[in-house]
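Participant: Protein sequences, first through last, are from chains A and B.
If you use my numbering, the first sequence corresponds to residues 1 to 335, in order.
If you use my numbering, the second sequence corresponds to residues 1 to 311, in order.
The reader is advised that the hints may include incorrect statements.
Under the rule of at most 20 Å between Cα atoms (straight-line distance), these lysine to aspartate or glutamate pairs were calculated in the EDC-like manner [claimed, not checked]:
hint: 1; chain 1: B; residue 1: K250; chain 2: B; residue 2: E216
hint: 2; chain 1: A; residue 1: K238; chain 2: B; residue 2: E124
hint: 3; chain 1: B; residue 1: K113; chain 2: A; residue 2: E227
So these bits of chain A aren't anywhere near chain B, every CB distance computed over 10 Å [as the list claims (entries may be wrong)]:
hint: 4; residue: A61
hint: 5; residue: I74
hint: 6; residue: E75
hint: 7; residue: L203
hint: 8; residue: E219
hint: 9; residue: S242
hint: 10; residue: P281
hint: 11; residue: V324
Some chain A residues near chain B, calculated using beta-carbon distances under 8 Å [stated by the list, open to error]:
hint: 12; residue: K15
hint: 13; residue: K145
hint: 14; residue: D228
hint: 15; residue: Y229
hint: 16; residue: F232
hint: 17; residue: K234
hint: 18; residue: A235
hint: 19; residue: G237
hint: 20; residue: N240
hint: 21; residue: H246
hint: 22; residue: R250
hint: 23; residue: N251
hint: 24; residue: P255
hint: 25; residue: D325
hint: 26; residue: R330
hint: 27; residue: G331
FYI, nobody ran anything at the bench for these hints, they're computed from the structure.
For each residue, glycine too, the CB sits at the ideal point set by N, CA and C.
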Amino acid sequence: MDIGRYSGILKYVVKSIIKIISLLIAVSILSFVLVSASPVDPVRAYIGEVGMANMSVENLAKLEAYFGINTPPIERYWNWFTGFVQGDMGSSLLYRQPVASVIHVKFMNSMVLMTTAWIFSGLLGFLFGIIAGLYRGRWIDKAIKGYSLLIASMPTFWLALVLVMIFSVWLQILPIGLSVPIGVNAAEVSILDSIKHLILPALTLSVIGIANITLHTREKMIDIMGEDYILFAKARGKSNLSIIRHHALRNILLPAITLQFASISEIFGGSVLVEQVFSYPGLGKAAVSAGLSGDAPLLLGIAVISAALVFFGNLVANLLYGIVDPRIRRGSAYE
Amino acid sequence: MTCMNHKHILQIKNLSVTFTQYEQGLRKTDLRVIRNLNVSVGEGELVAVVGSSGSGKSLLAHAILGILPQNCDAEGNIWFQEELLSPERIKELRGKKIVLVPQSVNYLDPLEKVGKQVRKEQNEKSLRRKQEELFDFYKLPQKTADLYPFELSGGMARRVLLTTAMMESPRLIIADEPTPGLHLEAAKKAMSHFREFADKGNGVLLITHDIELALEVADRIAVFYAGTTVEEAPVADFQSVDTLRHPYTKALWRALPQHGFHPFPGNQPYAKDMPNGCPFGPRCPQLTSECEGNIQEQTIRFGRVRCIHAK
Ligand SMILES: Nc1ncnc2c1ncn2[C@@H]1O[C@H](COP(=O)(O)OP(=O)(O)O)[C@@H](O)[C@H]1O
Ligand SMILES: [Mg+2]
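So here's chain A without its partners, still in its complex pose (with noise of 0.2 Å):
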């Protein structure tokens, strides 16, 4: 095995480990910023108006200590670090729980929804693209295009409230919202009901991706069959199926894998708002609470979580492009 080969590669992941490591550090600080400045204080939210009339002046100092507010915020967000980095992300002050099997938890549901969103909208979005490039100008253009448009420009919470009339209210044939129906002991939740109450939020994510998708790879598409390669292949007489297959769908892979792991960012927004309509318990609607009652370990750790998941994403982008493109793999412009 020669490693100098790969050693272009291997300097490039390590790159960009470093530089990711230090991209979540200042998403951190900044998320941390931004809880500490926000105007919500958490003990207040955390016991209500009520509450805190009732309360004894002891036990709100405690309570302050317990959410830290007498803290100074350098300190306290140096503690949160150093815990951060020795594994421990602290407790949640919302769930009472340790923040990493909060995060756990809605991680898993949201992983379900968006893996299948991720899916869903990238292979439809990207055959749907490739179709309209094609067929530019026709009538099959025009439907899919008007269609991207209409869905592109269509707020979140509305499409997602539309699918609720449609499926829901009208067709009374999936449930409004949760990952479980009410009223039924989770360990009776059946497969099927927890598919049930997937399929709108995994929809509405869906739709809404497909749309962007789409348009971009249509774009693309259509730069492609402009190419002067595409041009030589047809002064060669090679059929249209031919320089699809051979021309046309190769070189529209490599923005296609970019659109696809760039979209991971698309998806994890879209989450946050398709999660809060649905109250599908995953990580966007914690994200929210924690945000809404000055919970700011859950919050930080949320925030970290899905940017190194957005990052990632970006990575093997890269190296998949690597491996596609053959200027980066043997032209090792990875340097």
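Once you've looked at the hints, dock chain B with the ligands against the given chain A.
Facilitator: Same frame as chain A, but now just chain B with the ligands:
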């Protein structure tokens, strides 16, 4: 050479190529980049189309092959072996009887290995053999087949492009600036290959901005200026400035090193601000008011010229 009584392989009459553009989103403008172009290639003939950069040479090649961009329309008539071509017919002929040697390495798919592209993704033994022979002929190492276009040097890319054309058994080769980047020896080799190909009764349309190269190998030269052929002349007429017909051709002739390197001022007009009548008018020493009218092509001494003052 009396090419006049040969059969035509390619004949183009009144070709115009127009781009439709949208300015500032809404206003539609038509940009005529080629107008009323006539050119022909007879059996056994190598015709050079000579013109400076931006005069529409590549578009001429693309128009013949029916590969103009979407927002671009061609009008006029093209005959191949005396048969008037329809868009459907050209689709059948291109890549088989009419081949293109494109202008740059950008015409190769950056993500496909060179060998596979040369063979059009076919893998038959006979094709592999032919490819190997051609690589030998053009002094390309056999392992070039396993390279990607970005790994080729400029000269190698040229030779690969030439190879793609020779893989077929065409009647007409359209070569769009095939020599820049080639060593003198390789360029000569390519030219002599074209010459031999033509001598077997085929046709070559050699597109170039290099008039000296054209004079060396061509039978006839079509001088291209701002989207039209201003003169079509047998190569022998370039022996002396007096046998040439158009003032632009004469200016080109005087600008050659062996004829004194006389530069002539000005640039060819861009399609957007084309003068009335003769496109060369603004730079022409013989300009008169009649030059702003319609200029008909006339035949003088086995050559054709688009100038009312030509003798
Ligand atoms: N896609 C396009 N849209 C508008 N104008 C174009 C386009 N492609 C080429 N042209 C114009 O057509 C003219 C001829 O181009 P081309 O055939 O490439 O010239 P040449 O090969 O002689 O250098 C140029 O002036 C160029 O600006
Ligand atoms: Mg050109």
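Participant: If a hint holds in the structure, say so; if it does not, say that too.
Facilitator: Checked hints:
1. For the hint linking K250/B to E216/B, the alpha-carbon distance of about 18 Å falls within 20 Å, and the restraint holds.
2. Taken as a hint, the K238/A and E124/B pair is honoured in the structure, with Cα atoms around 17 Å apart against an allowance of 20 Å.
3. The hinted pair formed by K113/B and E227/A meets the criterion: a straight-line CA distance of about 17 Å does not exceed 20 Å.
4. At the 10 Å boundary, the C-beta of A61/A stays outside the reach of chain B, the nearest C-beta of that chain being 66 Å off.
5. Every CB of chain B is more than 10 Å from the CB of I74/A (nearest about 51 Å), matching its label as outside the interface.
6. Distance to chain B confirms E75/A as a non-interface residue, since its nearest Cβ pair spans about 54 Å, more than 10 Å.
7. Under the 10 Å C-beta cut-off, the non-interface status given to L203/A relative to chain B holds; the minimum distance is some 35 Å.
8. In this structure E219/A is separated from chain B by more than 10 Å, as the shortest Cβ-Cβ distance comes to about 15 Å.
9. At the 10 Å boundary, the C-beta of S242/A falls inside the reach of chain B, the nearest C-beta of that chain being 7 Å off.
10. Chain B leaves P281/A outside its interface by the beta-carbon criterion, the shortest separation being 44 Å against a cut-off of 10 Å.
11. At roughly 8 Å from the closest C-beta of chain B, the C-beta of V324/A falls inside 10 Å, breaking its exclusion from the interface.
12. For K15/A, the suggested interface contact is broken, since its CB lies about 23 Å from the closest CB of chain B, more than 8 Å.
13. Taken as an interface hint, K145/A does not check out: its beta carbon lies about 16 Å from the nearest beta carbon of chain B, beyond 8 Å.
14. Of the supplied interface hints, the one on D228/A holds, with its beta-carbon coming within about 4 Å of a beta-carbon of chain B, less than 8 Å.
15. Taking 8 Å as the C-beta cut-off, the interface hint given for Y229/A holds, the closest approach to chain B being about 4 Å.
16. Annotation: F232/A was flagged as interfacial toward chain B, and the flag holds, the nearest CB pair being 4 Å apart, inside 8 Å.
17. Taken as an interface hint, K234/A checks out: its beta carbon lies about 5 Å from the nearest beta carbon of chain B, inside 8 Å.
18. Interface hint at A235/A: satisfied, since its Cβ lies 5 Å from the closest Cβ of chain B, which is below the 8 Å cut-off.
19. Interface restraint check for G237/A: the shortest CB-CB distance to chain B comes to about 2 Å, inside 8 Å, so the restraint holds.
20. With its C-beta approaching chain B no nearer than about 10 Å, N240/A sits outside the 8 Å limit, and its interface hint is violated.
21. For H246/A, the interface hint holds, the least distance from its beta-carbon to any beta-carbon of chain B being 5 Å, beneath 8 Å.
22. At about 5 Å, the closest approach between the beta carbon of R250/A and any beta carbon in chain B falls short of 8 Å, and the interface hint on this residue holds.
23. Interface hint at N251/A: satisfied, since its Cβ lies 6 Å from the closest Cβ of chain B, which is below the 8 Å cut-off.
24. The interface hint given for P255/A is violated, since its Cβ lies 12 Å from the closest Cβ of chain B, which is over the 8 Å cut-off.
25. Residue-level restraint check for D325/A holds (minimum Cβ-Cβ distance to chain B is 7 Å; threshold 8 Å).
26. Annotation: R330/A was flagged as interfacial toward chain B, and the flag holds, the nearest CB pair being 7 Å apart, inside 8 Å.
27. Taken as an interface hint, G331/A checks out: its beta carbon lies about 7 Å from the nearest beta carbon of chain B, inside 8 Å.
Hints 9, 11, 12, 13, 20, 24 from the earlier list are contradicted by this structure; the remaining hints agree with it.
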